[in-house]
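Peer 1: The chain contents come next:
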Amino acid sequence: MNTLPEPDEITKHYEMPRDAWEKALTSLLGTYTLYAPVKRWDSIDYELISSENSSKIVYNLPKPVSPLKLFLLPVKENVVLDSDLQKPFVVLGTPACDLWALDLLDQFYLHSDYIDPYYKLRRDKMILVGTDCHTSLAHCHCSSYGLNPFPEKNQDLVISIIDGKVILEINSLKGETFIEKLAAESKLQPSENGFPDDLLKIRQAVKSEMDSRNKRLPNYQETTSVVKNAGEDTWKNHSKTCVACGACATICPTCTCFLLIDRPGFEKVRQMDACQYPGFQRVAGGEDPHKQHFVRFSNRYFCKYVFRPEKFDALACTGCGRCIEACIGKINKNEIFNELTK
Amino acid sequence: MTVSTNIYKPFRARLEKVIEESPLIKTLVLVPETEFSFKTGEFIELTLDGIGEAPFTPSSSPFVKDRIEVTIMKAGYVTGLMHELPVGAVLGVRGPFGRGYPIETFFGKEVLILGGGCGLAPIRSLLYTLIEYKDKLKKVILAYGSKTPRDCIYKPLFSYLNSIDKFEAHRSVDIADENWKETVGVATVMLDKVKVDIPNAVAVVCGPPVMMKFGTFKLLEMGFAPKDIFLSMEKNMSCGLGKCGHCMMGEYFVCKDGPVFTYEEVKNQPHIW
Ligand SMILES: Cc1cc2nc3c(=O)[nH]c(=O)nc-3n(C[C@H](O)[C@H](O)[C@H](O)COP(=O)(O)OP(=O)(O)OC[C@H]3O[C@@H](n4cnc5c(N)ncnc54)[C@H](O)[C@@H]3O)c2cc1C
Ligand code: SF4
Ligand code: SF4
Ligand code: FES
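In order, the protein sequence lines correspond to chains A and B. Residue numbers for the first sequence follow the working numbering, beginning at 67 and rising by one. Residue numbers for the second sequence follow the working numbering, beginning at 104 and rising by one.
Only chain B is shown next, with the shape it has when bound in the complex (with noise of 0.2 Å):
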């Protein structure tokens, strides 16, 4: 049995730089030892040795391919660990699995994409992407919520962004400090301020459950239509592959047949949130 054909044996990569996003969030810039692509919004699975694996999905461009990043919120044990390691240490990587984003089904369209917490990690590779494709696009639009500002990831990110033709930032906190000049409240209270053409438009939606599900329920009732609604669902995952069943939602392996997913795909689905 080589180890190509093994799907549960882990290739290396080396810890070339530990980026602090936030108190709570760190990125950890990877050089794979072995050849890696993946698409946007496909997801791996990330081992420390011997300790414990946790799925992220890629926070980086796919368009670069020397190099991982993934962008990790302090949340449990292994990722505790993980915010512990220094440069220069060695981990596994499984992956890529799963089904990313459908970007050209997002060309001659408007994107709204709604991300909360740590759901900025997998928004960011696929603002990476958008941008590479900013000309099949009519609009790109952002709103991120944290929960204070000194919560708030990639902060370089949103003048960047809204220094790009056609795309456009915003941020909300849930409790402002005296510096916030931005939005003050829930994400989604973003959504009231910003110009979509919903009947030409999609809307991406990633972050904890409790923000997925009133996001949808907001977008819903703007207007957009539940196919084109993405989700990026976040269960329990152990294999990644489609057959531990940890992630079983419903008739869905989120492994497998998401992460990303339409709300029209997962509405009739027990437990979703």
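Chain A with its partners taken away, still in its complex shape (with noise of 0.2 Å):
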């Protein structure tokens, strides 16, 4: 299990009443586009936040039915052309798995070798809210890859409600900027308090909470060794309720993977696209190594578990569950690590 930080290391905070709050926020609405988590039926996702909505943006529940990803790699993008994205753009209400996966996106899409232009200029006009997770959801699994359910890397800052009060963290350069705006506007002051006590009980509680439902899921390292030890058979077996619809990796956070597509005048869409789909390898002849079912099924495991962890210093599943939930195969990874380190 791993260690919650110690209170010390959190230097800076806010406090304010929710209202007070709400009322700054749409008072940046013309400096910043905002979009944050709305309720719709029984999931959350993130929604374009207008003076009209503001006061319906849910805080402290896992988690947008959007993985991060969606913004800085919309599903259809014209590479080509000049960007027309000005204004800085606050995403609120992400919660830690999604911000963990950035570290895995980033070292794809900045790496120095190849920079992806439009993804730079999204990552360098995003401004990252992080959220604590204040309950967990039935496929959540965060804590057992070693995360936290609250926000530890990459975001900005970082919000909790308990009680109607907003306790802001601040943990970037980005995120001063951003306070200093919405402290012109609301008279605000870091608070004198220590770290309040409530939020680190609920910490400690959700992560509890989720370490017990998860106590027989083999952790990431375990996992690898799961993946590359299991059998062609267990790939057959678990792929036959498999559609290869791709679901599980669009709406995976640590996803990356996309197909260039030609328009005319030398344009080109990057449209994200999944390894589950037939074809993703084929080559001129029909060859395709990923012409069995089975074998684009498991390819997935092993890329996650096995292939990016060699070769990147980050997690490739950061244990958010989605894949879980969207499945229409009824398909859960981690019955499948659980029936295979029976």
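Careful: at least some of the hints might be erroneous.
Unchecked claim - Straight-line C-alpha distance at most 16 Å; calculated EDC-like pairs for lysine to aspartate or glutamate:
(1) A:Lys231 to A:Glu376
(2) B:Lys112 to A:Glu333
(3) A:Lys191 to A:Asp229
(4) B:Lys316 to A:Glu353
(5) B:Lys112 to A:Glu143
(6) B:Lys269 to B:Glu235
(7) A:Lys191 to A:Asp172
(8) B:Lys112 to A:Asp328
(9) B:Lys316 to A:Asp354
Unchecked claim - Sample of chain B residues lacking proximity to chain A, with all beta carbon distances greater than 10 Å (derived):
(10) Arg115
(11) Val132
(12) Thr286
(13) Lys296
(14) Ile301
(15) Glu337
Don't read these hints as lab results, they were simulated from the structure. Idealized CB from N, CA, C, for every residue including glycine.
Both chains come to you apart, so use the hints to assemble them.
Peer 2: Right, dumping it as structure tokens:
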């Protein structure tokens, strides 16, 4: 079990009543474009926030249906024309799992050999207000992979609301600038109080809850060998209900694959793609090392737990559980791992 | 965002000439509108405007700077349309990409090259490079196989190579006709005939996947060490930059970590052929 950071590592934070926060936030809508999670049916997802819906923002709930990557890698984007993105944008309410996923995305798209200029532009313009998860969902398992259910990396600020009181932590220069603008609107002062005890208690409780629910689940390193050692039959068996829809990859915060599509005028459109689709590895003449469905199915597991970890210094699965929730074939990777380690 | 910093934006190149190499293979001679240079074994992404893009390894000499020659086998949709291009057409080029042949490590050694089909395209560029460095090499042997005599490409190249000191070139066809006087059989049969000082030699294989596979096994059987066998891997590619994932071969992105690998590097990766 990993330990929670000591409270004294956390330096500056702000506290304010929720209505003051909401007022200040809407006053910044001219300066920033704001996206935040709003409840839709029985789930939550990011929406563009205006003064109309700002009171509908939900806080501290896991987890927006859309992974954070969609703000950086739209499903389809023309990557030859100049981008019209001007205004900085704030993404509020991102949980820890998606923030960790940025490590892998950055290593891909900002690799110094070839920087993706469109990803970089968005990344530079993005201000991330991460959120603590004050509860966890059935398939959340970030803690099994050594993560905590609260932002620890890549966020500019962290928000929590406890008993109508907003607690904001500042974690970066971008966060500082944002809070300065906010403070100008709302006469905000850094809190003199120590880091709120209640919040620490919640953090511990959510983590314990998740740990106990996923007790049997192998950790990341163990999963690597579980995947390596699983035989062909495992993949054949578990892929029986897979219809290769690619939802698991589309919804995954760390899946990076795409296809370039040509448009007249030597334009290109970068469209998100997935190794689960037939033909992903097809070469001329029809040869395809991934021709068999079970091989494509297993590739996602190998990619996440074997290939990416060998090559990148980042988790390729953050335990967000979205692929389990999204699967229409009811395939649950955690059940597979539990079974394989029985 | 400027053009030069956009990794996805091709630069333009004009089709100056089309050379018919065989019924299925043509060489396009391109004049790039931007300064362009590459190392042998590196590849480019060639765009047919609004239609599609495909990876090719230039078949010309990297020492020639004002032209890029690309030898293209008609294999499907994009390559089929590339075969129809009229002189003067404008194509898009991105690259060069990838890791080519580590020529310096061949110095002082014999180089045995096994090629098949359109695999001779990158090999021709390699041969031009090796000719430039021939003083530093012991010997260069080319064994090239094709289906029928009609499918043999770069016909003048063979007599040219055989006229160069330290170079020898052999050809085989799977199915011969009455005029064929050279080897008959799959490309690997030529390996039984050549004299190579294996401990002081490297081998290069480039061709269709089956040939790569059996060629590699044959070389291993002959005593080549896995680290001395250089393979040029063909995978599905989209970006060419190590981002899109299409060319994944285990932990490697063939476009960036390759396309040239030693067998040692890839032998434990899944689904390499
Ligand atoms: C590094 C490298 C160097 C190469 N060098 C050369 C060279 O010098 N000369 C040469 O002739 N060839 C070379 N090739 C091979 C060449 O790139 C292919 O022949 C070419 O991409 C075929 O394109 P095509 O559209 O004509 O073929 P197709 O068979 O029509 O299509 C091939 C591509 O389109 C995709 N595709 C087509 N239809 C579908 C579908 N229905 N569903 C999903 N995907 C589809 C395939 O996945 C594949 O990416 C090289 C390849 C690589 C990787
Ligand atoms: S593999 Fe599944 S659980 Fe892991 S990060 Fe992707 S969507 Fe989340
Ligand atoms: S190869 Fe598959 S699992 Fe890996 S990033 Fe691409 S789509 Fe996701
Ligand atoms: S071709 Fe895109 S990663 Fe290799």
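Peer 1: Please go over all the hints and tell whether each is borne out by the structure.
Peer 2: These are the hints, each one checked on the structure:
no.	hint	in the structure
1	A:Lys231 to A:Glu376	violated, 44 Å
2	B:Lys112 to A:Glu333	holds, 7 Å
3	A:Lys191 to A:Asp229	violated, 32 Å
4	B:Lys316 to A:Glu353	holds, 14 Å
5	B:Lys112 to A:Glu143	holds, 13 Å
6	B:Lys269 to B:Glu235	holds, 12 Å
7	A:Lys191 to A:Asp172	holds, 14 Å
8	B:Lys112 to A:Asp328	holds, 11 Å
9	B:Lys316 to A:Asp354	holds, 15 Å
10	Arg115	violated, 7 Å
11	Val132	holds, 20 Å
12	Thr286	holds, 24 Å
13	Lys296	holds, 29 Å
14	Ile301	holds, 30 Å
15	Glu337	violated, 6 Å
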